[in-house]
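Quick mapping for you: the protein sequence lines, in order, are chains A and B.
Residue numbers for the first sequence follow the numbering used here, so the first one is 1 and each next one is one higher.
Residue numbers for the second sequence follow the numbering used here, so the first one is 1 and each next one is one higher.
Hint data in this document are derived by calculation from the structure and do not stem from the laboratory.
Incorrect hints may have been included.
Unchecked claim - Cβ pair distances, simulated, as ranges:
{"#": "1", "chain 1": "B", "residue 1": "Asp-116", "chain 2": "A", "residue 2": "Pro-43", "range": "31 to 39 Å"}
{"#": "2", "chain 1": "A", "residue 1": "Gly-84", "chain 2": "B", "residue 2": "Lys-68", "range": "48 to 56 Å"}
{"#": "3", "chain 1": "B", "residue 1": "Leu-205", "chain 2": "A", "residue 2": "Lys-572", "range": "49 to 57 Å"}
{"#": "4", "chain 1": "B", "residue 1": "Glu-115", "chain 2": "A", "residue 2": "Lys-143", "range": "38 to 46 Å"}
{"#": "5", "chain 1": "B", "residue 1": "Arg-77", "chain 2": "A", "residue 2": "Thr-340", "range": "47 to 55 Å"}
{"#": "6", "chain 1": "B", "residue 1": "Asp-241", "chain 2": "A", "residue 2": "Pro-43", "range": "15 to 23 Å"}
{"#": "7", "chain 1": "B", "residue 1": "Leu-164", "chain 2": "A", "residue 2": "Asp-478", "range": "27 to 35 Å"}
{"#": "8", "chain 1": "A", "residue 1": "Lys-94", "chain 2": "B", "residue 2": "Gly-108", "range": "23 to 31 Å"}
{"#": "9", "chain 1": "A", "residue 1": "Pro-163", "chain 2": "B", "residue 2": "Leu-18", "range": "45 to 53 Å"}
{"#": "10", "chain 1": "B", "residue 1": "Leu-164", "chain 2": "A", "residue 2": "Asn-466", "range": "20 to 28 Å"}
{"#": "11", "chain 1": "A", "residue 1": "Lys-474", "chain 2": "B", "residue 2": "Glu-123", "range": "40 to 48 Å"}
{"#": "12", "chain 1": "B", "residue 1": "Asp-116", "chain 2": "A", "residue 2": "Gly-93", "range": "32 to 40 Å"}
We treat Cβ as the ideally placed atom computed from N, Cα and C, and that holds for glycine.
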Amino acid sequence: MKAIISSLMFSVIIVVGCKDTPKETSIALNSSPEETTMTTKVPSNALKNVYWGDTHNHTGNSFDVFLFGTPNSTPEIAYRFAKGEKVTSPTTGKPWKLSKPLDFLVVADHAELLGSIALMYENTPGISDTKTGKAFLGIAPNKSEENMQKIYDILNYAAFDQPNDANLGAKDLVNDIGGNKVKEAWTRYVETAEKYNNPGKFTTLIGWEWSSNNSGANLHRVVFMPQGGDVAKQFIPYSALDSDNPEDLWAWLETTSQKTGAEFIAIPHNPNISLGLMFPETRLNGKPIDKAYADARMKWERSVEITQIKGDSETHPALSPNDEFADFETYDFALTPDGTRPAPTKADYVRSGLMTGLELEKKIGANPYKIGFVGSSDSHTGMSAIEETNFAGKGQHDSEPKKRAHPTGIGSSKGWDMGAAGWVGVWAESNTRQSIVDAFQRKEVYATTGPRITLRVFGGYNFAENDLNADMVKTGYDKGVPMGGDLNKTANGAAPGFLISALKDPDGANLDRIQVVKGWLKADGTAEEKIYDVALSDGRTDGKQKVGNTVDLKTGKYTNSIGATELKVFWKDPDFNPSQSAFYYVRVLEIPTPRYSLYDAIELGIDVKETNHPATIQERIYSSPIWYNPN
Amino acid sequence: MKQLIKEPLIHFFLLGALLFVLYSQVNKSDTEQDIVVDNADVEHMAELWRMQWQRPPTSEELQGLIDKYVNQEVLYREALRMNLDHNDEIVKRRLAQKMEFLGQDLSGLVAPASEDNLKAYFEEHKKDFATPYRYNLYQILFTADNHVNPYDKAKAVLKEYNSLDTQGMREKGDPFLLDYALQDTDAFYLNREFGEQFSQQLETLPTGEWAGPIVSGYGVHLVFIESRTPPSIPNFADVKDKVQRDYEYQMEQESQAAILKALRDNYKVRITADNLEKATIDELAQNQQP
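Work the whole structure out from these sequences, hints included.
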């Protein structure tokens with residue numbers, strides 16, 4: 001009966017629609033003199049431009065966005081917002097706009113139950129009348145906040161066959177509201193992505209998130225590809241309900257890639273809340289990591305999301321006690337329903353992960369963690385709004401300053417525990433799907449916690465101080481390798497040199513310093529780290545000397561009277577040992593600027609201490625490393 | 001009358017009325033005390049079963065499904081008779097949602113993305129589709145890293161060397177990783193590269209000579225504009241996809257807002273709760289304005 005009604009409804013629309021559709025008239029082909037013909041050629045630059053984007057944005061197709069009360073967030077709004085248009089915020093209903101457009105966006109909704117929770121509450125046959133649908137609608141008949149939290153908790157257990165209030169298992173979820181049932185939502189999403197892709201101006205990459213969350217350990221991967229809808233519609237995105245083991249994901253990527261021609265990029269995120277599982281020495285099945293694991297992982301996962309709203313994963317003060325800037329947006333609220341805050345391990349942070357990679361390489365003959373760095377938002381609002389001055393929050397529960405003193409429902413975190421970060425800078429010839437994905441493959445990408453600092457890094461053996469001139473980029477490519485590249489041992493065992501240049505965000509704060517972070521493998525097979533201050537602003541020669549702080553805590557204003565517009569340096573490793581494998585990456589710090597929570601405190605008229613976070617932060621960028629290989 | 005035809009609310013009611021008529025047509029065999037299970041109903045039940053269990057139901061199972069359907073239908077009708085649908089939160093939500101869906105479907109109906117409508121929209125919003133200012137230019141930069149007063153330095157350099165050609169001037173500025181020659185560039189790119197304030201200042205500078213100083217997010221510049229092409233309106237055909245995307249988005253927003261507003265205007269809303277924060281009350285009051 002229902003089917004008849006809905007098909008009738010459709011025909012009514014058509015009938016009435018025809019009534020009002022004006023007759024097609026022939027289109028005048030000769031245009032008025034003021035009109036010009038647009039060229040469709042996409043400009044390309046062999047020396048590459050930096051394009052800014054977010055590879056990790058969620059909309060209402062994600063079960064958690066829906067469950068946390070933002071069902072009206074759509075991919076359409078996400079693209080419009082990223083393009084720099086003013087949109088009505090799906091969380092607050094207020095107008096919201098980025099200060100500057102982004103160049104590309106990956107809407108990466110959770111593949112698990114993609115779009116299904118929405119369909120369940122629309123009483124869609126085949127979803128709401130299944131065992132799972134009925135169990136959920138029984139426990140949570142309406143979309144109250146409390147009910148949404150209940151479903152969210154059940155899902156987190158049921159997906160991994162753990163006991164839960166609804167007595168559901170992963171199989172139930174797949175059969176009832178997952179699996180093939182996400183096809184409609186996937187197709188709709190793919191078509192929207194196609195519609196908004198505009199080569200040369202704004203690129204949409206089709207993707208999703210595989211959200212393995214075994215026992216609360218975040219092993220999530222964002223997956224995307226340069227191909228279009230014709231390829232994307234040939235499969236249904238692989239979800240953690242199919243398997244929560246990353247090795248199974250890689251196997252699926254391999255098969256699907258061969259079958260459809262899709263060229264996948266997978267990016268793990270939030271190692272900081274992976275409970276020791278992101279950069280492990282053993283596989284999930286308990287066996288030691290071997291060369292086959294390393295090769296498969298490196299084929300698909302050439303970069304990691306090092307910074308995002310749920311914290312910064314570069315390193316942790318406990319792991320890097322000699323790094324005075326290590327305690328930055330530290331976030332340890334694991335996605336466990338009991339709100340555990342685990343102690344950090346070296347498998348939870350990127351720098352130590354890279355070091356483990358060097359250690360494993362010596363043992364097994366391949367480095368499983370030879371990865372570039374990406375920043376992205378993981379915003380669950382559909383808006384990639386991570387500027388400190390314009391932060392829209394992680395999701396519904398921290399969308400406005402007045403809500404941010406309260407729990408978010410994500411682990412035991414509160415609103416102000418979220419960090420306003422990050423985006424990724426991509427060095428690519430042109431703003432097109434293929435060119436951008438190629439840059440990810442080369443690891444010629446870098447992470448920012450917000451500011452759009454332009455960073456060039458080249459490593460090689462034939463550079464000199466006077467290469468820091470206007471032709472530096474050309475020299476860099478001609479005589480060396482860019483970030484993400486490899487350097488091999490030379491006959492005379494010379495130390496590699498690095499050309500590094502950082503330009504401030506033209507609409508942001510000045511720069512404090514450039515640092516090189518080195519990790520290397522000692523003779524005993526263990527790795528070590530060291531940080532070099534290689535360029536300092538304001539004529540300082542000692543990195544221990546702080547740059548200062550101009551932030552007025554009453555008004556939230558700062559001045560660019562300290563720091564540098566540009567920092568550049570030619571640097572050679574003074575401690576180089578040609579027999580030790582090593583990696584080098586660049587970290588650039590801005591002068592201190594207000595954390596968003598200071599702006600909140602000012603707006604709310606409270607003491608900034610009540611936010612439990614520092615009033616000011618030093619925003620930063622991380623280049624992908626360059627590796628030195630002694631063999 | 002034409003205005004009336006374009007009015008979304010009229011369509012909304014028209015659509016509602018049509019649905020009502022059609023629904024009663026389809027249901028003519030289901031009178032109040034008469035429950036009919038026809039082929040289509042059975043097929044629908046069997047299909048749902050297949051989706052869930054990946055096989056067709058056995059005849060026993062089908063019988064169970066039909067029984068369940070009949071029971072549900074009986075209880076549903078009795079519930080309606082007893083007005084149990086009134087003031088039920090779930091029923092309310094579902095019905096309100098159905099109305100919203102009607103509203104969403106309407107935008108394609110009231111304002112279909114026909115060639116004429118798109119062209120009209122394009123005409124009205126021409127400037128949204130205009131190409132940005134295009135330039136061929138050269139620039140040099142003086143930053144605060146290298147000069148106590150970069151503005152004065154730029155002025156002095158301009159005064160002394162303004163007769164130099166575009167090649168001769170290159171070395172007079174600070175060495176900086178920005179392109180010296182920007183060929184076939186536009187305001188969109190310049191905003192990304194030099195910051196928000198830079199490109200607007202180029203619109204009025206003289207061309208064919210060194211000019212400035214003007215400021216960017218990096219410092220103070222002298223600029224030689226070789227050529228400047230003001231914004232132009234592209235051919236409709238070249239931007240049709242973009243026009244359609246914007247048009248459909250805009251119409252959906254407008255028609256939904258219009259319907260809701262028109263419907264709301266029939267109601268007088270008073271918030272009598274006084275245990276709210278003042279800001280909240282003010283905001284709510286604002287929302288109640290017709």
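Okay, the hints, checked on the actual structure:
no.	hint	result
1	B:Asp-116 with A:Pro-43: 31 to 39 Å	holds (34 Å)
2	A:Gly-84 with B:Lys-68: 48 to 56 Å	holds (53 Å)
3	B:Leu-205 with A:Lys-572: 49 to 57 Å	violated (43 Å)
4	B:Glu-115 with A:Lys-143: 38 to 46 Å	holds (41 Å)
5	B:Arg-77 with A:Thr-340: 47 to 55 Å	holds (51 Å)
6	B:Asp-241 with A:Pro-43: 15 to 23 Å	holds (20 Å)
7	B:Leu-164 with A:Asp-478: 27 to 35 Å	holds (29 Å)
8	A:Lys-94 with B:Gly-108: 23 to 31 Å	holds (27 Å)
9	A:Pro-163 with B:Leu-18: 45 to 53 Å	holds (51 Å)
10	B:Leu-164 with A:Asn-466: 20 to 28 Å	holds (24 Å)
11	A:Lys-474 with B:Glu-123: 40 to 48 Å	holds (47 Å)
12	B:Asp-116 with A:Gly-93: 32 to 40 Å	holds (33 Å)
Violation of the numbered hints given earlier is confined to hint 3; every other hint is satisfied by the structure.
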